[in-house]
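A.B. asks: Could you put the whole structure together from the sequences, leaning on the hints where they help?
This is what each chain is made of:
2 protein chains.
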Amino acid sequence: MAVTLRDVADRAGVSRSAVSRTFTEGASVSPKTRAKVEKAALELGYSPNALASSLTTGRTKLIGLVSNNFHNPLFLEVFDLFTRGLQDRGLRPLLVNLSNETDPQNSVRMLRQYSVDGVIVASSTLPPSFAEAFKQAGVPVVHSFGRFSTSPNVHVVGIDNVACGRMAAEALIARGYRKVAFLGGPEKATSTQDRALGFFGALREHPEIEVSISYASAYSFDAGRVEMTRLLMQDPAQAYFCGDDVLSIGALSAIEEAGLSCPEDIGIIGLNDMDMARWQNIDLTTIRQPIAEIIGASIDLVVGTIERPDRHPETRLFPCRVVERGTLRPVHQGAA
Amino acid sequence: MAVTLRDVADRAGVSRSAVSRTFTEGASVSPKTRAKVEKAALELGYSPNALASSLTTGRTKLIGLVSNNFHNPLFLEVFDLFTRGLQDRGLRPLLVNLSNETDPQNSVRMLRQYSVDGVIVASSTLPPSFAEAFKQAGVPVVHSFGRFSTSPNVHVVGIDNVACGRMAAEALIARGYRKVAFLGGPEKATSTQDRALGFFGALREHPEIEVSISYASAYSFDAGRVEMTRLLMQDPAQAYFCGDDVLSIGALSAIEEAGLSCPEDIGIIGLNDMDMARWQNIDLTTIRQPIAEIIGASIDLVVGTIERPDRHPETRLFPCRVVERGTLRPVHQGAA
DNA sequence: AAGCATTTTGCAACCGGTTGCAATAATCCG
DNA sequence: CGGATTATTGCAACCGGTTGCAAAATGCTT
Numbered sequence: 001m002a003v004t005l006r007d008v009a010d011r012a013g014v015s016r017s018a019v020s021r022t023f024t025e026g027a028s029v030s031p032k033t034r035a036k037v038e039k040a041a042l043e044l045g046y047s048p049n050a051l052a053s054s055l056t057t058g059r060t061k062l063i064g065l066v067s068n069n070f071h072n073p074l075f076l077e078v079f080d081l082f083t084r085g086l087q088d089r090g091l092r093p094l095l096v097n098l099s100n101e102t103d104p105q106n107s108v109r110m111l112r113q114y115s116v117d118g119v120i121v122a123s124s125t126l127p128p129s130f131a132e133a134f135k136q137a138g139v140p141v142v143h144s145f146g147r148f149s150t151s152p153n154v155h156v157v158g159i160d161n162v163a164c165g166r167m168a169a170e171a172l173i174a175r176g177y178r179k180v181a182f183l184g185g186p187e188k189a190t191s192t193q194d195r196a197l198g199f200f201g202a203l204r205e206h207p208e209i210e211v212s213i214s215y216a217s218a219y220s221f222d223a224g225r226v227e228m229t230r231l232l233m234q235d236p237a238q239a240y241f242c243g244d245d246v247l248s249i250g251a252l253s254a255i256e257e258a259g260l261s262c263p264e265d266i267g268i269i270g271l272n273d274m275d276m277a278r279w280q281n282i283d284l285t286t287i288r289q290p291i292a293e294i295i296g297a298s299i300d301l302v303v304g305t306i307e308r309p310d311r312h313p314e315t316r317l318f319p320c321r322v323v324e325r326g327t328l329r330p331v332h333q334g335a336a
Numbered sequence: 001m002a003v004t005l006r007d008v009a010d011r012a013g014v015s016r017s018a019v020s021r022t023f024t025e026g027a028s029v030s031p032k033t034r035a036k037v038e039k040a041a042l043e044l045g046y047s048p049n050a051l052a053s054s055l056t057t058g059r060t061k062l063i064g065l066v067s068n069n070f071h072n073p074l075f076l077e078v079f080d081l082f083t084r085g086l087q088d089r090g091l092r093p094l095l096v097n098l099s100n101e102t103d104p105q106n107s108v109r110m111l112r113q114y115s116v117d118g119v120i121v122a123s124s125t126l127p128p129s130f131a132e133a134f135k136q137a138g139v140p141v142v143h144s145f146g147r148f149s150t151s152p153n154v155h156v157v158g159i160d161n162v163a164c165g166r167m168a169a170e171a172l173i174a175r176g177y178r179k180v181a182f183l184g185g186p187e188k189a190t191s192t193q194d195r196a197l198g199f200f201g202a203l204r205e206h207p208e209i210e211v212s213i214s215y216a217s218a219y220s221f222d223a224g225r226v227e228m229t230r231l232l233m234q235d236p237a238q239a240y241f242c243g244d245d246v247l248s249i250g251a252l253s254a255i256e257e258a259g260l261s262c263p264e265d266i267g268i269i270g271l272n273d274m275d276m277a278r279w280q281n282i283d284l285t286t287i288r289q290p291i292a293e294i295i296g297a298s299i300d301l302v303v304g305t306i307e308r309p310d311r312h313p314e315t316r317l318f319p320c321r322v323v324e325r326g327t328l329r330p331v332h333q334g335a336a
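The listed protein sequences correspond, in order, to chains V and Y.
Everything in the first sequence is counted per our numbering, starting at 1 for the first residue and increasing by one.
Everything in the second sequence is counted per our numbering, starting at 1 for the first residue and increasing by one.
A portion of the hints provided could be inaccurate.
Copies of the same chain are indistinguishable here, so a pair counts whether it falls within one copy or spans any two.
Restricting the straight-line Cα-Cα distance to at most 35 Å, the calculated cross-link-like pairs of lysine-lysine (DSBU-like) are [to be verified]:
1) K32 / K61
2) K61 / K135
3) K188 / K135
4) K61 / K39
5) K135 / K36
Derived by calculation from the structure, the hints in this document are not laboratory data.
C.D. replies: Structure representation (C-alpha cells):
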C-alpha cells in the first residue's frame, strides 16, 4: 500500500537508519548515501509518516485549536490567521468545535489521545478553568481572547477589557453625549463585566452624565436588535457602547427600524472592528482589537511553552484604539 | 511522563494485550479482567494513544478539511457544520488553509504524512484537479461546493449552478423586470460560468427582455461595490443577479450611496443565503444553498469512501430555492 | 469426572519510524 | 605511510499500541 522507510532502504541499498537520517534535520549522512536515498525516495514517492515518527520523537506538530465562537464573523478572520500562522511554522491545527460543550474534560482527553503538542483556546466566553484543565493535564496551553489576570494560571493573550470600557466611555464623553449607556453581551461573561467596570469607572468622574446599563442575551445580531428595540420603547440614551460589533449591528437595525437615525438621534460604538464594520452601509464606529497581534502572540507563547514547558504563565494584553466611522457624531461637535 | 498501556497492564496484573483488548470494541475479554483493567486505567488516568494505534489499525480518524474561503462569512457556518458533523461521528478535522496556495501537491503530501483517513475539499473556487490530486494519491476525497460533472473523477457535492442561474432569471422575469443583468464573481470561476449559462439560457426565451453581463473581480464586498458603482455611471439594469451574497451587499452599498434605493430603483438577488442576509438592515432576497444538506452528504460520502475505497465517484446536487426578502419587488406587481 | 467446545489469555511479531552505540570508513596530520 | 581523529553506517532496541496464534482456562454435556 503506502511506501515505507523499509521500501526506500531496500531500493537504495542502505539501512533503514540511513533513510531515516536523510529525512532528519541535522543528522549525519554522507552526500553519497543521501543522494542514493533521495533518488529512491523520489522514485517511490516516499514521504515519512509523521505519526509514526511522533511516537519516538514525542512531537506531533499538531496543535489543538479549540473554540466555541462559530457564529461571530470576527472568528472567521481569527481562524484564517491562526491556521495560516500555524502552517507557516509547520504546525497543524486540529480544530475542535465546542458549541454545545461545557465540560473541558472531553476535549482534554481527546486532544491528549492525539498527542497534540499544544492547545490554543480561542474564546472570549469560555471560563479560565477551561484552559486550565489542559495545563492540569500537562498540555501546553494558551487562552486567546481571554481575560486578564494578575496571577494567571495559564498564558492569556487578549485585550484589556477594563481599558476598553474606559476608552468607550471617554469616546462618548468627548463627543458631548450627556446620557449614555452600556449595552453589554451576556451578563455572566467576564469580558462583559470587565468592560462595564471600565465604562462606569470612567464615568464616575463625570457625575453630570447620566448612565444606565443593560445586557443582551448573546453576542448576536438578534440579541442586539431585541434589546435595542426594548430600550427604544422606554427612554433611550443618546449613545450606547455595545458588547461587540455584531450586537452593534443588531442595535443599528433596531434604531433604523424605529425611524431613527445614527448618529443623529442615537450614537453607537462597538467593539472588535471586524471586517464588516468598515462596509460603507454599516460604517460602524468601533474599538479595534488587534487580532493579528493577539494571534501572533498566542502562537509564539504556545510554541515557547512547548519548548520550555515549565515556563511561567504570562498575560499579554494588546492596546485597542477607537476606529472613527459613522455611528458616533464627531468630536468637535460636542466640545463643551 | 504519559501513562501507557504497559503501566496499566502492570498495575492490573495482566498482559498488555488484555489492556489493549479492553479498549478495543468487540474484542474478547472476560468481565473479570475488564474490571481489573478499567480500575487500573482509571486510577492512572490512562487513555489510549490514538496515533500509536493508528499505526497498526491503519485508521487515524483524522479528516483533512481543506479550504480557501476564509473571507466569506458563509464559510464560518460551513466550518461550524463540518466540525460538528465530523465530531459527531468521532472524526477529527485537520484544517488546511489554502489562501495563497495553488498547487495541490503540498497539501497532498502533508495530509498523507498525517495519514488522514479522508479529505474534504470545501471550496467553490478551487479547480476539480485539486480534489483529484488526492484521489490520485489514494486518499478518499470529496469536493464540497464543487462543480457538477456527468462523469466525475471524484465525489462532488453541491448545487446545480446552471439551475440556479435559471432560477434567478425566472425570479426576475416573474417580477416584471424588462432589463436585467448578471453581475458575476470572478469570470474564470466555473461556478460563475455555469450560473451565467443558466441565466442566459432562461432569458433566451424572453427576447423582449434586455440582458447584459459583467464580472466583479472577487466574491467580496469591495469588488461588488466597485463594479456596481461603475455600472451605475453607465446605463444600469433594473435588476441584477449577483454572484453571491457578499457581492450583493457590496452592490447594495453602491446603490444606496448613489442615492438610489432597493428594490424601488434597482433590484438585487444574491446567492447563498448566509445568515447575515436575513439581518433586517440587509434583508437580501437571495437563492438559498442548503449548506447543512451539502455538508451532511459530504461527510456521508467521505465516510462511505473510507469504508469502500473503490466506490464509484458520485455527484450529489441539492436543490436551491429563492428566499423572498426585500431587495426584489414582489411578484404580483410585475404580472404582465 | 472425563471429554469436548468455547472463551480468554499471553507471547511475540509487527505497524513505521528514531536513536544510542559500537563498528567501520574516511579524513587529517606529521 | 601509519596512527589518530572524525564522520558515517548498521544493528538492535524502543516508541505505544494491535493482533494471529497456540496454550490455558472455562463451560457444557453426558
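A.B. asks: Now look at each hint and say whether the structure bears it out.
C.D. replies: Comparing the hints with the structure gives:
1. For a Cα distance limit of 35 Å, the shortest separation of K32 from K61 inside one copy, 30 Å, qualifies, whereas the shortest one across copies, 39 Å, does not.
2. Taking CA atoms no more than 35 Å apart as the test, K61 paired with K135 passes in both settings, with 18 Å inside one copy and 25 Å between copies.
3. For the homomeric pair K188 and K135, the shortest alpha-carbon distance inside one copy (24 Å) is at most 35 Å, but the shortest distance between copies (48 Å) is not.
4. In the homo-oligomer, the alpha carbons of K61 and K39 lie at most 35 Å apart both inside one protomer (27 Å) and across protomers (32 Å), since each shortest distance falls under that limit.
5. Within a single copy, K135 and K36 get their C-alpha atoms only as close as 45 Å, which misses the 35 Å cut-off; across copies the closest is 29 Å, which meets it.
When held up to the earlier numbered hints, the structure conflicts with none and fits them all.
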